[in-house]
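Enquirer: Sequence:
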Amino acid sequence: MSTYPSRFTDKVALITGAASGIGRATAIRLAQEGACIMLADIDQAGLDATMATIADNGGQADSLHFDATQNDSCIAAVAATVKRWGKLDIVGNIAGIVSFWHLHEITTDMWNRCMQINLTAPMIISREAMPHLIKTEGTIINMASSAGLGGQAYNATYAATKHGLVGLTKSLAVEFAKKNVRVNAICPGGVNTAINDKMRWPDDIEPAMLSRLMPLLDTMAEPEEIAGLFAQLASAESSFVTGATWQIDGGQLA
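In this note's numbering, the protein residues as written are 14 to 267.
If you're looking for bench data, these hints aren't it; they were derived computationally from the structure. Every residue gets a Cβ at the ideal spot worked out from N, C-alpha and C, and that includes glycine. Treat the hints loosely; a few may be bogus.
Derived DSSO-like pairs: lysine-lysine, alpha-carbon spacing no greater than 27 Å straight-line [said to hold, decoys possible]:
1) K148 to K191
2) K100 to K192
3) K148 to K192
Ranges of calculated distance between the beta carbons of each label pair, as one might list FRET restraints [stated by the list, open to error]:
4) P18 to Q57: 24 to 30 Å
5) I119 to D56: 21 to 27 Å
6) T16 to A221: 37 to 43 Å
7) D210 to G164: 22 to 28 Å
8) A221 to D122: 28 to 34 Å
Based on the provided sequences and hints, a complete structural model is requested.
Expert: The following block contains the structure:
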């Protein structure tokens with residue numbers, strides 16, 4: 014995949030979920046293109062691995078322990094980024110969780126945890142980052158999902174959070190357009206990440222219901238493909254793009 018080594022020179026990015034999957038691929042991609050990256054995740058070993066890859070490629074990055082279930086951790090992530098690098102240009106709200114359950118299996122605690130990680134944490138980070146992004150005319154890119162654009166059986170909690178994240182994206186894009194802060198959402202379908210190995214399906218599912226999860230293309234996306242779209246949206250080439258939801262789902266919702 015083509016990269017542009019100086020596209021993000023002098024730009025600072027905060028990337029959550031940077032220890033693995035899409036977050037790691039995005040952090041590596043932006044660093045390859047010149048950005049200084051603050052890596053945020055709860056998985057220290059994964060952060061160290063991402064840091065090592067960036068360093069091996071000649072990039073600049075730092076890391077911090079980030080727990081999306083804790084509001085103070087969300088606030089601290091923004092503050093630490095600005096303290097370390099002096100400013101903030103790009104926010105990637107990528108950390109998230111997913112699980113599949115029948116409706117009757119969903120507890121309030123499960124619902125609240127998913128809402129906190131997938132929706133509340135991005136809101137808090139966006140809120141804390143916005144004064145800095147106004148100064149730099151920066152951008153927020155939220156990692157939503159194809160589940161945020163339609164209905165999915167056995168996935169009500171996750172889908173609700175991602176629909177909410179799309180709504181947050183559009184609302185912030187409207188509110189801060191005149192401040193020259195762009196806010197967009199990426200909506201991937203299936204992506205080939207380690208989270209798939211931990212996925213569980215509920216008992217007694219209807220196979221026909223799962224067809225809504227399947228892409229038309231006979232494969233899943235690679236994290237680097239999502240990172241490529243992220244880089245394009247974060248760049249000056251997308252200066253006229255805000256309030257948009259970008260499907261990258263292999264035709265799943267066509």
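Enquirer: Can you name, in rising order, the numbers of the hints this structure does not satisfy?
Expert: none
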